[in-house]
Amino acid sequence: MIRYIDQALTLHTRPDDAPAEWRICVYGLAERDGRILLVDQIVKAGPTLSLPGGGVELEPEETILEGSVREVYEETGYRFEPDANSLMFLGDPFIKSPSGRHVHTILFLVRGTVSDDPDPAWERNAEEIVEVLWVDPASLNRSDIRRSHWSALARLGYVSDGR
Amino acid sequence: MKRYIDLHGEEHVRPTGTPARWRIGGYGVILRDGCLLMVEPVWTTGWTWALPGGGVRLMPEETILEGIVREVHEETGYHFTPDPATLAHHGDVFFRTPKGRYLRSITFTVRGEVGSEPDPAWRRPENEIARVAWVDPAVLRRNDVHWHHWDALVKMGYVKDEA
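Those sequence lines, one after another, are chains F and H. Numbered per the numbering used here, the first sequence spans residues -13 to 149. Numbered per the numbering used here, the second sequence spans residues 441 to 603.
Isolated chain H, as found in the complex (with noise of 0.2 Å):
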């Protein structure tokens, strides 16, 4: 039997009648100066930072690749350039979202540049990012990430688990 975990690290299982639902999602890798640009969610349960990034809409089509472009551009201003190569599968996770929708959700990331400011006429989603920052990775602990960003960032080499 799966369990989904929610956003407090709860595991559900589904009931029965309730559909699970696919959701794909990508994440932007960016490094400048040795910071990483981060966004921090205002439904953050603890932790502060999160990679920019977010679902990839199945209509109107759009590829993960352009999903996360326009994921990256709406939470942080930024033009995102990825480098396609490294387009890669990080998660298969079970979640049940705030709102109680069961979501296989299968999550990417992608390395890539941003341009030297963010857009002039962006304005931050504030019911959803109270902040975007370039952060160094060596001052994050695994409690400042949410847990699926933080294991991108191990597997990525960008931060370590403390032993």
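Just chain F, same shape as in the assembly (with noise of 0.2 Å):
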């Protein structure tokens, strides 16, 4: 029986009369003098910290690669150029939502660049994100940030792990 983990890392059995979805989530890696930009969300539980991305749109239609150039621009401000070759499957994760929803979620990560400055047009969503971060990879700590993060970035060398 295959369960679904919250925010709080409890994990919940699907009631027979809840529906699964699919949720195609992707995260942008841009790095910057060897900084690498981050958002500093509000969670109801565990880390605050993550690299920016979230939902594939179904509809209207949007690709992976378009997806995270419009969720990094959403949280950061930054116009990001994803690298077509760099996308990563990170997992399938089974997610009981914040909203109560059972979630079978694929992860992708992209790497790319980022514009010198974010759009000055752009404006913080301040219900979702605290502050956005160019952070040094070795001042993080593996409970600082979200854990499918913290694994990529281990597997891409920016962290080492038994830290």
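Rather than coming from a laboratory, the hints here were simulated on the basis of the structure. Yeah, the Cβ is synthetic: ideal placement off N, Cα and C, and Gly gets one too. Be a bit skeptical, because a hint or two may be false.
[As the list claims (entries may be wrong)] Covered stretches of chain F, as calculated for chain H (at least 3 residues, CB under 8 Å):
(1) 75 to 81
(2) 84 to 94
(3) 124 to 135
Join the two chains into one complex using the hints; note that each chain is given alone, in its own frame.
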């Protein structure tokens, strides 16, 4: 029996009358002068740092790469140019969302570059994002950042596991 | 405006009011003695061979890897042992089914091994699969293989596009 995990790491069985759904998520990894672009998010529990990104839209249609451009912009104000060849599958966790939905989530990461400065017209969504940060990965601890993002950064050599 | 491709390579715009759906699919890349395990679906359109695999179920839940293992067994009779480290994203395809459904198909490939013989209890699903065979990739040409699977084999270096 597959169980769904919530932000507080509690496991849940999906009730028979509750539908499951797919969610395709993509996160952008941009690096500049040895620092990576992160967002400090408002979350109910768990790590607050995340790579910028989110769900790919089903309708109106967008590709995974287009989703990464839109989400990085929405969360950080930077124009993101993904490198299509770097699109990487991170895993397919079963997640119970804060609103109680049962979501089989497909996680991707894509590396890319961002514009020199954020768009001056961009406005931070204060209900979701506390701050946009350029962070030296050496200063990160495992518990600071979403688990799947930590694992990806470890695979890519930005952080070393065991810290 | 995104276009959805059908089995015959025709492109379609999704009509307003017709929903798009996610479809998560996966295929096994199984090599033995230099030959690939392939299937000939009954619904081919000009080409012959496809990699074994298919859609991952949302309910009852299964992981992408579990879905591929189940599909390989259903289509070929072989018990498939995938190497999880090789599970990789392959494609982001907009597909219109023969029944007129509009699918956002996210596909994966995984390498692995199968048992020496197919499961003796297995019966070929005659309304889906016409033939199961070990195929030497050296004899394959682009037109012999489902286009999406050909692209996967090119990416993995099993076949080369003719100049």
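Verification of the supplied hints:
no.	hint	result
1	75 to 81	holds (count 3)
2	84 to 94	holds (count 3)
3	124 to 135	violated (count 0)
When the structure is compared with the earlier hints, a violation turns up for hint 3 alone.
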